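K.L.:
Residues per chain, in single letters:
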Amino acid sequence: MPEDAVAAKRRRWRTGGGRDDIMSALPDHILHEVLSRVGTVKDLFMLAVTCRRWLGRFTDRAFLRDIVCPSQMVLLGFFLQDALQRATVWARDPSQLASSCFFLPVPGSPLGPGPTARALTSSLVADGDGAFDYAVPLGARRGIVLMQCINNYHGDTELLLGVCNPVTGERHLLAPLDMEPTSICAYVIITAADVHADAAAGRFTFSHLLVANFRKDIYLYSAATRSWSHQCVVDDGRSFHLTGQRSAVVHQGAAHWLFWSRDTGARYDDDPSLYKLSVQLGGGAAWSGQPRPAPLILCVTGDGKLAVVYVYISHVAVFACPQQQQTGGHVEVVAWEKTVFTIPAAVPYPPWVLPPKETWFHLSRGSMLAIYRSSAVFIVDLRRKALEKVMDCFMDLVDFFMLKLGGLSSAGPSG
Amino acid sequence: MEVDKGKGEAEETRKVAEADRDTVTLKSSDGKLFEVSKEAAARLSTVLAGMIAGGSIDDNGTDLKQIGSEALENVVDYCNKHANSIPSAALISSSISFNTAPFKEPEEWERKFVDRLSHDALFDLVEAANFLGMERLLDVTCHKISEMMKGKSPDQIREVFNIKNDYTKEELEEIRQELAWAFYDD
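Protein chains in written order, with full-length UniProt numbering: chain W, 1 to 415; chain F, 1 to 186.
Derived from the structure by calculation, the hints contain no laboratory data. Computed from a predicted structure; not experimentally measured. One thing to keep in mind: the hints can contain errors.
[Claimed, not checked] Cross-link-like lysine-lysine pairs, in silico, DSS-like; alpha carbons within 30 Å at most:
#1 W:Lys338 <-> W:Lys305
#2 F:Lys38 <-> F:Lys112
#3 F:Lys112 <-> F:Lys65
#4 W:Lys42 <-> F:Lys150
#5 W:Lys42 <-> F:Lys152
#6 F:Lys65 <-> F:Lys27
#7 F:Lys81 <-> F:Lys112
#8 F:Lys65 <-> F:Lys32
#9 W:Lys385 <-> W:Lys42
#10 F:Lys81 <-> F:Lys150
#11 W:Lys385 <-> W:Lys305
#12 F:Lys81 <-> F:Lys27
#13 F:Lys38 <-> F:Lys81
#14 F:Lys169 <-> W:Lys305
#15 F:Lys38 <-> F:Lys27
#16 F:Lys112 <-> F:Lys32
#17 F:Lys169 <-> W:Lys42
#18 W:Lys42 <-> F:Lys164
#19 F:Lys112 <-> W:Lys42
#20 W:Lys305 <-> F:Lys152
#21 W:Lys305 <-> F:Lys150
#22 W:Lys338 <-> W:Lys385
#23 F:Lys112 <-> F:Lys152
#24 F:Lys65 <-> F:Lys38
#25 F:Lys152 <-> F:Lys169
#26 W:Lys42 <-> W:Lys305
#27 W:Lys385 <-> F:Lys169
Next comes chain W alone, as it looks inside the complex (with noise of 0.2 Å):
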């Protein structure tokens, strides 16, 4: 570049109190360098949707390729949750357990099928000095996988656990708690951020642990003080059978859970009802009440509303919870507000396949994402009541950016 090219285009960016967008005046290969760095797919979005110059650039395939392409940035895969098990595992065989939480890699990524994949439990059980066989996830929030260790299968007295980050390769293996590892039947993992909602870099930290057993008493354990306190005992003589994710949904200072329930005194062939349990963070329990029998899935909707998601072939109910109220133990039965809407089948069903093959999951507010047969992956956006496909399994990160951004840079005036 000429010497008065680089002196005008530096008076340029000294007029006016700092330069516009001093990231576009970098040099391509050095832009590359920059954004290929960073990281995460959600980090590159966040750049994307700055302005019209940045989302045009990175619906731009060219572009795209150059830098999510080079093998510096790989998309793991995801972590779900199937939402549709059912609590009751009785599980024969450690194989068993695993079934509760499921990774879907993505092609080519390094946890996918081989070697590697293994390595991210054998981090963890290595870490116990060859204590345990083995470990098996049970669940996973906001990158962090809690891990169930087992050391003797039909013999253990104690409940071992351990969390790991596959991203970072940290790991904490928690205290042993005094509860028979097969009755372990709900729990969630607690960031820094649940506890202080100041704590915004504490969203991927692990803070507490909370567990559940069939016997319904709850257990915390603190990772600062790396021990368990036990946190309250829900019985009201109700019968209690979880159903949806075993790993609760954390909204508003509380964890919850779905669970089948017959009400005291009613005839065993009486229909279950559905109840929430609601356990604040701080101590303290609550049920509330939905009189309703279907498979479904509890989310937070778009507009941070706790709701219950049913999925049928063809349509969607939508049901979102009334704000919560401290009734500390007692039955609430409210009217929950109800919002309906058809899906068309996300692929052809046979005529001999009766029941749908989809596998759904929660995915984040206001969104649900459906496998189907492990073929296809598809997302139903509940606000805008739309079922989109996102990958034939396959997810190619240039495809993913186009897919999520193309329709907002042909959708926007030009200029």
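Once you have looked at the hints, place chain F on chain W.
P.N.:
Then chain F, alone, in the frame of chain W:
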């Protein structure tokens, strides 16, 4: 003939003398002179190494018209610090990381070196490192810029990099809805 031969010899002597010096003098676009260790310059910058090997180093200051004095001062500072630093074990990252570049983490002093720079100075330094073919300095500065982007909302990124928001309120709302999964973690 005689004169020519003498001039050639003088040239030769001068080159030898220059080769003996252990520093080189660099001149910024605004005419300021900086001395830098020849060994460090040749090791860290492919462009300067080429100039030293090819004898195109000017004793009175090698002109680097593309680099301003502030950026050049930082380049020279980096070279001198690098010459004095002892490589530490921190170069080998202990954590298992699947999604970061095969890039050696900046050392503590390198972090401090880029942390004290203003945004403008940092971006000038990136360009200078690029121009001089200084791979390691380019690594360290690009790493710093990528760190500045991480974990921020679009608003925070706009503020950091001085990006003008040219969307309408309606468009911003559309983006928020479309990318709700990226904006929230639940």
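K.L.:
All the hints need checking, so say for each whether the structure fits it.
P.N.:
Evaluation of the provided hints:
no.: 1; hint: W:Lys338 <-> W:Lys305; verdict: holds (12 Å)
no.: 2; hint: F:Lys38 <-> F:Lys112; verdict: holds (24 Å)
no.: 3; hint: F:Lys112 <-> F:Lys65; verdict: holds (28 Å)
no.: 4; hint: W:Lys42 <-> F:Lys150; verdict: holds (9 Å)
no.: 5; hint: W:Lys42 <-> F:Lys152; verdict: holds (10 Å)
no.: 6; hint: F:Lys65 <-> F:Lys27; verdict: holds (8 Å)
no.: 7; hint: F:Lys81 <-> F:Lys112; verdict: holds (12 Å)
no.: 8; hint: F:Lys65 <-> F:Lys32; verdict: holds (11 Å)
no.: 9; hint: W:Lys385 <-> W:Lys42; verdict: holds (24 Å)
no.: 10; hint: F:Lys81 <-> F:Lys150; verdict: holds (28 Å)
no.: 11; hint: W:Lys385 <-> W:Lys305; verdict: holds (16 Å)
no.: 12; hint: F:Lys81 <-> F:Lys27; verdict: holds (19 Å)
no.: 13; hint: F:Lys38 <-> F:Lys81; verdict: holds (13 Å)
no.: 14; hint: F:Lys169 <-> W:Lys305; verdict: holds (24 Å)
no.: 15; hint: F:Lys38 <-> F:Lys27; verdict: holds (15 Å)
no.: 16; hint: F:Lys112 <-> F:Lys32; verdict: holds (25 Å)
no.: 17; hint: F:Lys169 <-> W:Lys42; verdict: holds (22 Å)
no.: 18; hint: W:Lys42 <-> F:Lys164; verdict: holds (21 Å)
no.: 19; hint: F:Lys112 <-> W:Lys42; verdict: holds (27 Å)
no.: 20; hint: W:Lys305 <-> F:Lys152; verdict: holds (25 Å)
no.: 21; hint: W:Lys305 <-> F:Lys150; verdict: holds (28 Å)
no.: 22; hint: W:Lys338 <-> W:Lys385; verdict: holds (13 Å)
no.: 23; hint: F:Lys112 <-> F:Lys152; verdict: holds (22 Å)
no.: 24; hint: F:Lys65 <-> F:Lys38; verdict: holds (20 Å)
no.: 25; hint: F:Lys152 <-> F:Lys169; verdict: holds (20 Å)
no.: 26; hint: W:Lys42 <-> W:Lys305; verdict: holds (23 Å)
no.: 27; hint: W:Lys385 <-> F:Lys169; verdict: holds (23 Å)
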